[in-house]
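Visitor: Listed below, chain by chain, are the residues.
Protein chains: 2
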Amino acid sequence: MTDFDPADTGKAVSGGEENLTGQLKAAGLRPTRQRLSLGGLLFGNGDRHVTAETLHEEAMAAGIHVSLATVYNTLHQFTDAGLLRSLPVNGSKTYFDTNTTRHHHFYCESGGVLSDVPSGAMEIAGLPEAPEGMEITSVDVVVRIRPKA
Amino acid sequence: MTDFDPADTGKAVSGGEENLTGQLKAAGLRPTRQRLSLGGLLFGNGDRHVTAETLHEEAMAAGIHVSLATVYNTLHQFTDAGLLRSLPVNGSKTYFDTNTTRHHHFYCESGGVLSDVPSGAMEIAGLPEAPEGMEITSVDVVVRIRPKA
DNA sequence: ATTTGTGCAAATCGTTTGCATCTGA
DNA sequence: TCAGATGCAAACGATTTGCACAAAT
Chain A
1 MTDFDPADTG
11 KAVSGGEENL
21 TGQLKAAGLR
31 PTRQRLSLGG
41 LLFGNGDRHV
51 TAETLHEEAM
61 AAGIHVSLAT
71 VYNTLHQFTD
81 AGLLRSLPVN
91 GSKTYFDTNT
101 TRHHHFYCES
111 GGVLSDVPSG
121 AMEIAGLPEA
131 PEGMEITSVD
141 VVVRIRPKA
Chain B
1001 MTDFDPADTG
1011 KAVSGGEENL
1021 TGQLKAAGLR
1031 PTRQRLSLGG
1041 LLFGNGDRHV
1051 TAETLHEEAM
1061 AAGIHVSLAT
1071 VYNTLHQFTD
1081 AGLLRSLPVN
1091 GSKTYFDTNT
1101 TRHHHFYCES
1111 GGVLSDVPSG
1121 AMEIAGLPEA
1131 PEGMEITSVD
1141 VVVRIRPKA
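Protein chains in written order, with my numbering: chain A, 1 to 149; chain B, 1001 to 1149.
These aren't lab readings, by the way, just hints derived from the structure by calculation.
Note that beta-carbon positions come from the ideal geometry of N, C-alpha and C, so glycine has one too.
Mixed in with the good hints there might be a few duds.
What follows is a list of derived Cβ distance ranges for each label pair [what the hints assert, rightly or not]:
1. T79/A to A1027/B: 27 to 33 angstroms
2. G1063/B to T79/A: 22 to 28 angstroms
3. E53/A to A1081/B: 31 to 37 angstroms
4. S1110/B to E53/A: 24 to 30 angstroms
5. K1148/B to A81/A: 21 to 27 angstroms
6. S1138/B to T137/A: 20 to 26 angstroms
7. G1082/B to E53/A: 41 to 47 angstroms
Input sequences plus hints: build the corresponding full structure.
Guide: Encoded structure:
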């Protein structure tokens, strides 16, 4: 029942982020109650993988009232601002990762569970050159897994 | 205006595949007119990346009448039969690749164009171990690119 | 006061499904 | 003949959008 304190806007959000308000402003985004609340959920609990739906449910459960549309908007705005990374995992749902550093993922199709590949466990050797006139923006590696036997 | 010849069912489809009919039968799929026609488009022109939509348009343009639903069905059946590989490229559309060997892809978000990373240009070093009780089914690498400047 | 964000519900997009009809073995 | 395929259109799930209201600077 910990209400998110709207007065806490210029401070650390919940032990994770330094200054979400500042980052939002830098991105031209107003630090609204919803954005700060969602930011608290996202960045106050370590690395996370969420979908719009799971984040929305979590917000509801936490007593934060936000519409699903706003969750979508916020996730995209955060992504554009560089606070999140969107993951191209599956054909249907879009996943967002609070860890924007270079790392890769396991994805279990039966269940839609996403997890990190331990850093260092896997490397990409020899990045290829992009085709003429193109530049590489990111490299996504998805290791698909399924329950054994 | 080369009509696909329905009589050519037991033979090479168009210079690419040996015996599509046999492969379909082996997979428990009847070699119907539609499946052979779509197979001709898919396997008779070298390696290809298609979506249901692009393949459907191509079929129409070639004078082959198939419904979009049948294209979807066929793509999935071919995939299950191991003739195609489905690519988890983007959040929305599903791509299918006629090259089922291990290779990776460039994906240009602006335009949705998919192309192969030249084989050997890139390697994955050190496949990680799957989490407890899981096994790896595939590893997909997508190199996202955008037009330079 | 002005500008930007939010919520809701309707609209959209890709994909799947139910069912009557047709086709290949 | 008869199981299996196809076509159509309606159903679906995830995401986006338009517009009236609310909140932040």
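Visitor: In ascending order, which of the hints set out earlier in this document are inconsistent with the structure?
Guide: Violated: hints 1, 2, 7.
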